[in-house]
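Visitor: Just so you know, the protein sequences line up as chains L and V, in that order. Under my numbering, the first residue of the first sequence carries the number 2, and numbering increases by one thereafter. Under my numbering, the first residue of the second sequence carries the number 302, and numbering increases by one thereafter.
Just so you know, the hints here were simulated from the structure itself, not pulled from any lab data. No experiment lies behind these values; they were computed from the predicted model shown. There could be a bad hint or two in this list.
Residues from chain L shown here face chain V by an in silico Cβ test under 8 Å; the list is partial [said to hold, decoys possible]:
{"hint": "1", "residue": "F10"}
{"hint": "2", "residue": "A86"}
{"hint": "3", "residue": "F89"}
{"hint": "4", "residue": "L100"}
{"hint": "5", "residue": "K104"}
Here are some chain L residues pointing at chain V (derived, C-beta under 10 Å) [unchecked claim]:
{"hint": "6", "residue": "L9"}
{"hint": "7", "residue": "S12"}
{"hint": "8", "residue": "G16"}
{"hint": "9", "residue": "Y32"}
{"hint": "10", "residue": "Y34"}
{"hint": "11", "residue": "Y36"}
{"hint": "12", "residue": "G41"}
{"hint": "13", "residue": "L44"}
{"hint": "14", "residue": "A78"}
{"hint": "15", "residue": "G83"}
{"hint": "16", "residue": "C90"}
{"hint": "17", "residue": "T98"}
{"hint": "18", "residue": "F102"}
{"hint": "19", "residue": "G103"}
Every residue, glycine too, gets a C-beta built ideally from N, C-alpha and C.
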Amino acid sequence: GEDVEQSLFLSVREGDSSVINCTYTDSSSTYLYWYKQEPGAGLQLLTYIFSNMDMKQDQRLTVLLNKKDKHLSLRIADTQTGDSAIYFCAERNQAGTALIFGKGTTLSVSS
Amino acid sequence: NAGVMQNPRHLVRRRGQEARLRCSPMKGHSHVYWYRQLPEEGLKFMVYLQKENIIDESGMPKERFSAEFPKEGPSILRIQQVVRGDSAAYFCASSPPGTGVNTIYFGEGSWLTVV
Numbered sequence: 002g003e004d005v006e007q008s009l010f011l012s013v014r015e016g017d018s019s020v021i022n023c024t025y026t027d028s029s030s031t032y033l034y035w036y037k038q039e040p041g042a043g044l045q046l047l048t049y050i051f052s053n054m055d056m057k058q059d060q061r062l063t064v065l066l067n068k069k070d071k072h073l074s075l076r077i078a079d080t081q082t083g084d085s086a087i088y089f090c091a092e093r094n095q096a097g098t099a100l101i102f103g104k105g106t107t108l109s110v111s112s
Numbered sequence: 302n303a304g305v306m307q308n309p310r311h312l313v314r315r316r317g318q319e320a321r322l323r324c325s326p327m328k329g330h331s332h333v334y335w336y337r338q339l340p341e342e343g344l345k346f347m348v349y350l351q352k353e354n355i356i357d358e359s360g361m362p363k364e365r366f367s368a369e370f371p372k373e374g375p376s377i378l379r380i381q382q383v384v385r386g387d388s389a390a391y392f393c394a395s396s397p398p399g400t401g402v403n404t405i406y407f408g409e410g411s412w413l414t415v416v
C-alpha cells in the first residue's frame, strides 16, 4: 500500500536554506504535495508537483522529485522565523480519493 | 468567500459519551473529506463524501464512527461511546466538483479531548 516517510525534525538559522526530505512507496503516484501546518491550525497547501516533472519552483520554494528513488524534497530559501511550522509531504492514493500524509517534519528557525 | 468552517473547535467529552463534529465546506464545494490527526502523527484519511453519498470510507474505524453529508446543512462526523484513544484533532477538507484532492482546502480542525 501507499506509505510516506519523513524525518521528524530540522533546525536551521534564519537566512539559511532548509531542505525537507520525503520518500514515498507508490511508484504510480501522479501527484505529490507539500503542506504546512502552524500550531493549532489546519493544513495549508504550499505546492504540488506532477510526476512527469523533476522540479518546480515557486518564489522561495523549490520542489525536487526523483522518481527513480521515490524521493521528494522541499527547499525553502532564505528561511525566516515565520517559516517555523510542521511540513507534511503527501501523495495521492491510487483511487484518487485521498491524500496519504507523512508524519510531518517540524522545522525550527532560530534568529 | 469563507473557508472551510469546523465547529466546535474544541470539545471535551467523558468516556462513553457521543461527539458530533460539524463541517461546512467552502461555497461551491460539494466534496468533503475527514482526516484524523493523533498526537505526533500525520493526518490519516477517514472518509470522503459527496452530497448524500459516501464515496470512500476505507479509513473509518468499523465501529462507533459514522459520517454524513446531507443535501442541506453541514457534514457531520459522529463518534459514539468515545474512548480515550479517540482524543485527536479532526480535520475536515472540501473541494469543488471535478478537481479531486488537488484542490482540497482544510478547515482549522476540531480538537476532541476524552476524559
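Visitor: Give a verdict on every hint.
Guide: Results for each hint:
no., hint, in the structure
1, F10, "11 Å, violated"
2, A86, "14 Å, violated"
3, F89, "6 Å, holds"
4, L100, "5 Å, holds"
5, K104, "4 Å, holds"
6, L9, "9 Å, holds"
7, S12, "17 Å, violated"
8, G16, "29 Å, violated"
9, Y32, "6 Å, holds"
10, Y34, "8 Å, holds"
11, Y36, "8 Å, holds"
12, G41, "8 Å, holds"
13, L44, "4 Å, holds"
14, A78, "25 Å, violated"
15, G83, "18 Å, violated"
16, C90, "9 Å, holds"
17, T98, "4 Å, holds"
18, F102, "4 Å, holds"
19, G103, "5 Å, holds"
Consistency with the previously given hints fails for numbers 1, 2, 7, 8, 14, 15, ordered from lowest to highest.
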